[in-house]
Every structure is written in structure tokens, then in C-alpha cells.
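S.K.: Residue numbers (my numbering), protein chains in the order written: chain A, 595 to 903; chain B, 78 to 329; chain C, 2 to 308.
Worth flagging that the hints you see were computed from the coordinates, not collected in a lab. Since we're looking at a predicted model, the values are computed, not measured. Each residue gets a CB set at the ideal place from its N, CA and C atoms; glycine is no exception. Careful: at least some of the hints might be erroneous.
Claimed, not checked - Calculated from the model, a selection of chain C residues having no Cβ within reach of chain B, i.e. all distances over 12 Å:
#	residue
1	D22
2	L47
3	F79
4	I109
What the hints assert, rightly or not - Calculated lysine-lysine pairs in the BS3-like style (CA-CA distance at most 30 Å, straight line):
#	chain 1	residue 1	chain 2	residue 2
5	B	K220	C	K305
6	C	K211	A	K614
7	A	K607	B	K197
8	B	K177	A	K614
9	B	K216	C	K124
10	B	K272	A	K607
11	B	K216	A	K607
12	B	K177	C	K274
13	C	K124	B	K99
To be verified - With beta-carbon atoms standing in for the labels, derived distance ranges:
#	chain 1	residue 1	chain 2	residue 2	range
14	A	M615	C	T129	55 to 65 Å
15	B	S117	C	L54	52 to 62 Å
16	A	F622	B	R204	36 to 46 Å
17	A	E788	B	Y91	42 to 52 Å
18	B	G326	A	F622	34 to 44 Å
19	C	R37	B	S117	46 to 56 Å
20	C	T72	A	G621	28 to 38 Å
21	B	N193	C	L54	51 to 61 Å
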Amino acid sequence: MSQLAEKKNFFRKEKTWREKMEALIPGFLLLCGLLSVLTTVGIVFTLIKETASFFAEVPFVDFITGTKWTALFSEDQREFGILPLLIGSLQITLGAAVVAVPLGIGSAIYLSEYAPERIRRVIKPVLEVLAGIPTIVFGYFGVTFVTPLLRDFFPDMDFFNALSASIVVGIMILPMIASLSEDAMRSVPRNIREAAYGLGSTRLEVSLKVVLPAALSGIVASFVLALSRAVGETMAVTIIAGSTPSMSFSYLESIQTMTAFMVQASTGDISYHSLPYYSIYAVGATLFVITLTMNLLALYISRRYKEEY
Amino acid sequence: MNPTAISVKNLDLYYGEKQALKNIHVDIDERSVTALIGPSGCGKSTFLRTLNRMNDLIPNVRIEGQILIKDTDIYSDEVDVEMLRKRVGMVFQAPNPFPKSIYENVAYGPRIHGLNDKKKLDEIVERSLRGAALWDEVKDRLKDRATGLSGGQQQRLCIARALAVEPDILLMDEPTSALDPISTLKVEELVQELKKNYTIVIVTHNMQQAARISDKTAFFLNGDLIEYNDTDKLFSNPDHQQTEEYITGRFG
Amino acid sequence: MAAEELMSKHKTALNHERAFDEERKIASRVKQRRGRNRLAHGLFFLATLVGVLVLAVLLFDIFQRGWSYVTADFMNNFASRFPSRAGIKGALWGSIWLIAITAPLTFIIGVGAAIYLEEYAKKGWISTLIQVNISNLAGVPSIVFGMLGLTIFVQILALKKSVLAGGLTLTLLILPVVIVAAREAIASVPNSLRHASLAMGATRWQTIQKVVLPYALPGIMTGTILALSRAIGETAPLIMVGAATFLAFTPGSVFDEFSALPIQIYNWVAQPKEEFSNLAAAGIIVLLVILLTMNGLAIFLRNKFQR
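Produce the entire structure from the sequences given, and follow the hints as far as they go.
M.R.: Pasting the structure below:
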């Protein structure tokens, strides 16, 4: 009996206190991972809770079809139609796309197909720095530089206007499109390019007819992701585009985006648990749903149409 | 004749649905060199890794049967896998020193098993490096990074590292396949030296090596142990036709 | 016979002529194609230059406006109604407090989550759930994190408009970035090193602690510093949790009210007076210097330890 116990002890060791504590570590690490799930739950909970209070007073139909947004006016003049804010965000997003998509894809093609290694090594970090500039700085640059410059061309343009904001937001999302699209293009295998060069194609033909189609899903996904960022962009549009909710879709006038309203309302002196306060959450929930849809769409595109090499 | 160090009975191993080892029976002698040979994918490496349970790291592996070391089934709940691996050391195919100093590489094992006494560690490091025939080459630069050594030196360092935890059994998985002929020779000489104190099981893709250094040889094919015999007998007059075909180079 | 021969000769000549013609056409088309390629090359290059150029103009514009305002007084004064007495001391210290809270939390939680996903998690619904969440959170607008902070930290946990509430909000905001970077760093550790450690009888945790983390640390640090430099420039979430724009003190504890560099800058940008605009530029210069220092540090770490 004692001999048997001794044999088993050969591969057996009393656990020290420290080793027993180690058994708890995976649980702690799992909790760290689950915090991300908790964050999502927290966001959804937050938005639903406060938005529910909002819709207890404002009919949902009025919210999504109303053409007037005067949430911060005195109580008898308040209207909560989100369309003007939606149009404002849409305007900025479209404008930014017009700037960023062609420039972004041009940069991506240049960096992936044309640029010599030493130029790439200079430009890539510069674009990284550009991507790391805080949005508040872009906002400042917009009102002190871009807007005055544009007003030389459009003298009638408002000081706060959608055009200037669109251009600045376009510049902000440009590095994202350039870098994600470049990644997609560079992951196209070399032998596919070589086959095309072997047939006598020029670099342009290889880029446009071989690499671009092969990397298309990644490139389109980068557009969607970047535009989702434009929708959620806050400080630059708040500073540059103003705070006038508008249905006009004019780029030369002051407008207000969803995010800009949220900032305006939070910096004002509204009290917690008032209707204007809840309206921030209703707008935030709308913003969240839109950006989440776009992000999932980007994920779907890049997965669904992933090229198998 | 030496007593048995490892006794394998009815061993089956499955990767998911696929059976990779089929009903293996082997008794491995103490203080001897046992070579495992066979074409790639035959199960020889898989078998080696069952002996210190490195297969535990692969998901969906199922093992049936028994492996007895010191009369204990190493797959029973009574066994701490860390203690098992301390007693059954392993050297891998490609040298894999840690990106630390030579000293720290060898001291790693004793440290994780709770030894922190500087003097004892010094002793163990020197003894292990001497045991791996590397001491004279590195004694003046123990603080240098191990990754700066040559491939052959790195592999002997890995052997020293394995010896430092004082195992009884040493598993070697094609330890010379990434080495040049001179380094290979050194490792082979080392194996001959080590078998005085250790039980060695070595997987090799090189039949000449098996013939040179081992006392017994096991020939695997498609997960079956075809023949297990004295090395001299297996290479001169094998009992099975498949063994003969393999060692004469007709397949594999 | 002779006539036939003549005919055939003529035909050959004609064929040669045609082939020659064809070749000339191809040659001219090649010329055209190469011309187009050169033109496109120029256009693509110009597109790339736009980003570089804007960055240069932006930096030049800001330094030109703000440089003369970055003085010792500016660094040491608190916010003021009078441009000549206004400074960024409160905002700067607020930002330092925020980073002091955010840095250790994101590091511990981010690396913890990354270790879990890379070293412990089995393929299954829990790890898929966590991964999907991380990638989605990375795309949620920062202002939405601000609303989370406002409801959960400021109100439900009753932290009020404290620097702790701000720091926790920023922590959640940059966690996905840190986790992704840490995972990449951990995944780059060769498996052979893990196996070497385990084969000596090390436990999983010993292996992580003594082999995996030391190897992955430079990559983890780089990712964390870059994420923190993003946190330091964030404005919107801090506005939502109620960072103050007008404080005459620095936080004394994590429960105190706070301001932050980008908040102070926003406040100055929103002022109509020209001097405030220049103060904003000065504040931006301070912010950018901090960011570039952090970026430089990250790049230094990456290059120094690159294997």
C-alpha cells in the first residue's frame, strides 16, 4: 500500500500556494476578454434605456419623418425630427467620399504598385502621422485655413459650411482608405502580377486590370469603413460646419450633423433626465445603428468576396 | 539486460477521426538508445510525443491504452504533466534556444521548478553544459545571447537545457536534421555518452544514423509498429518484409 | 508557271507589307500605352502627395499662429477670460491624470484579453463572441463611448464628472486597439519556444510569463503607446462625460473635476476673439509635441527590438 503511494508520487507534486493561485489566472484573463462583450452590452443598454425615455414622449414616427430639429429650443418650440441631422451627416459623408475615395485609391495604387521602396518608407510614416492627428486639430485647421481659402472662391459662402467640413473630413479618412486599400493590393500575390507583365502589360494595365479587381473586396471594404468613420466624425464637423440643422442639402450653408448636435447639447446647460438630454441618446442610438450596419457590411464584403489565391 | 524504462501497451492515438497510432506495444530499456524510424507521416514523431504528453497541446487528440513509466500510467489523473515532462525531457528538430543568455537558457528549467540559489544554479549550468559537450566552447561567454551560437552549438545548448532539469529519459525528435555533418557527428557522439546515464528515445529520418547510434530500433509504417528489434538484427536480417523493403530503400 | 510564281511572290510581299503595318500599329499602340502609364504614374503620385502636403500646410499654419504664444506663462497659467493671462496648466495636468489612469488599465486588461485569446481560448463560441465584439467596438464612433461613460460611470456608478470617469471611458475606447496589437505581438512568438518551455515541465502560465511576454513586449508596448496617443487627442467622449473647460485647479484625486488639452483647445477655438484662436494653436502645438514624442517612442521601440 505504502509502496503504491510512493510510486504514484513519482509524477506527483504537492501544489504550492503560488501554483494554486495560478489556477485562477485563466479566469481573470477570460474576464479581461469578456470586458469587450460587457462594453458592447453597456453601450446597447445605455442607448436603449435613455432612448426609451425619449420615445415615451416623442412618437417614433415624428422622430424619423420630422423635418425640423429644434431640440434645444424652449419647451413650446421643440421639434424632434431627425431628418435634418441625418441629411447633414449624409452631406458630410458624401462630400468626404468625393475627396477621399479617388485620392485614397490613387495613393494606394501608387504606394503598392509604383513607389520605389525608399519613397514608400518616407510616405507611409507621414500618412500614419496624418492619421494620428487629433480631430480637434483638423477642426481648427478647417476654420482657420480651409474655410477662408474657400471663401476666396465662393464669396457668398457661410463662415460655417458643409463644403469646408466635407473636405477636411475627406482628408481625415484619406490615410485610412490609402492604407487599407494598399494592404489589400499588396496581398495580391506576385505571380499574378508577373503573369500579366509577362504578356507585355504596362504597370497601369497591371494595376487597373489585374491588381485592382483582385483586391476589390478589400478596397470596397476600406471605403465603407472609412465612410462609417466619416459618419461618426465629431469635432471637426462641429467646429467647421456649424450648428444649424438644415434640409437644404446646400454645401455653402451652415448645417448640423448628428454628432455636432450631440456635442452642442452636451456643452450646453441642459439638465440630466430632461427631454433634450434624452434626445442626445436618441440621436446617438441612430448614429450607432448606422455605423454598426456599415461596419458589419464592411466585414461581410471583405469576408464574402475574399479572393482565394 | 537492462530493466524496462517505458512500457507501452495497446496504445491507440486518434487525430479527430483519423487513427495515427494503431495498437502499439513496446518495452524500452533503461540506459539505452532506441531509434524510431519510418517514412514521414508514419507516426514515429507522434509516438515520441505521447511519451511526455506533448500531444496534449494539440486539440482533438484521443489516446487509448497505457504508457507505464516507473509502473505509473502517465495518462492517469494521478500524474502532473509538468512533473512528467521534468522527468521525460525533450529535444526538438530545429534548435529552439530562448532569446536569452546562454546561462539563462540552461538555468530556465531549474528556475521554473523552484530553484533560485545562485550557487546551485551555477553548478547545474556548468554540469549541464559539460554534459552536452558545450562547456569549453561557451564558458567565457555565458552572458552572451544564445541565438548568436552556431546551429550545432544551439542544438547542444538545447540538450544542455533539457539535462539541467535532471530527467531520467530524453526524447529527441530528429535532433540533427537541421545540422551540418560535423555538428551531427558531435551530437551523435554526445548521444553515445549520454546513454550511460539516460534512457534515450530518438526519432530519425536517417537510417544510417539509427544504425550507428541505437541499441534497438522500431520501424513504424502508417501508424503500425511493424518491427521492433535489436538494431543490428533489424538492419541486417529483419523479420518483416516491409522492414526490409524500407531499409533497402524501396519506399519512403 | 511563271505567272503563278510571280503571283505568289507578290502575295508574300503583300503579306510582309501587312505584317509590317500591323507591327507599326502595335508599336504606336505600345507608345500610347506607355504614355498613358506615365500620365497615370504622375496622377497617382500627386494623389499621394495631397496627404503629405496637407500635413505640411497644417503643421506650418499652426506653428506660425501659435508658436509665439507657447511661453512659460502659457504653460503655468490656468484658463482665463483674458487671452493674455490664459494658460493650459489645468488642461495639461488633466491630460496627464487621464493617461495615468488609462495607461495601466488598458495595458493590464488589453494584454490579459490578448493572452486569453491567443494562449488559452479554445476555438468556440466564447472566443468568437469576444473577437466579433472587439472588431465591432473598434468601429464605434468615440462619441458613443462618451455616452456609455456618461450613463455608466458618471451616473450609475456615481463618479460624477471626475477624471476617473473620463479615464475609464478612454480605457474602454482604446482597449480594442490595444488588444489587437497585443494579439499580433503574442502570435508572432514562435511556437517552438513555447514547446521548449513546456517540454521542460513549465506550466502554461510560467511559459507565458517567462517566454511569451518578454518576447512580445516591444510589440505590445508599441501598440499600447500608439493607442494612448490616440486617447490623449480624444475630445468628443470627454465632452460627453462632462470635462470642464474652465478650471482654476489641477485634479488632486481621481474623483476631482478635470479638463484636458483637447477640451481646452476646443473651448478656445469656439471663442470669437482672434487671440483665443492663436491660443488654440499654441495648445495644439503642446498637444502635437506630446503626440509626436509618443509616436517617436513607439517607433524607437519597434526598431530597437525588431527581430
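S.K.: Confirm or reject each hint.
M.R.: We went through each hint and held it up to the structure:
no.	hint	verdict
1	D22	holds (60 Å)
2	L47	holds (45 Å)
3	F79	holds (49 Å)
4	I109	holds (23 Å)
5	K220/B x K305/C	holds (20 Å)
6	K211/C x K614/A	holds (18 Å)
7	K607/A x K197/B	holds (21 Å)
8	K177/B x K614/A	holds (28 Å)
9	K216/B x K124/C	violated (45 Å)
10	K272/B x K607/A	holds (27 Å)
11	K216/B x K607/A	violated (34 Å)
12	K177/B x K274/C	violated (60 Å)
13	K124/C x K99/B	holds (28 Å)
14	M615/A x T129/C: 55 to 65 Å	violated (29 Å)
15	S117/B x L54/C: 52 to 62 Å	holds (58 Å)
16	F622/A x R204/B: 36 to 46 Å	holds (38 Å)
17	E788/A x Y91/B: 42 to 52 Å	holds (43 Å)
18	G326/B x F622/A: 34 to 44 Å	violated (56 Å)
19	R37/C x S117/B: 46 to 56 Å	holds (52 Å)
20	T72/C x G621/A: 28 to 38 Å	violated (53 Å)
21	N193/B x L54/C: 51 to 61 Å	holds (59 Å)
Of the hints listed earlier, those the structure fails to meet are numbers 9, 11, 12, 14, 18, 20, in rising order.
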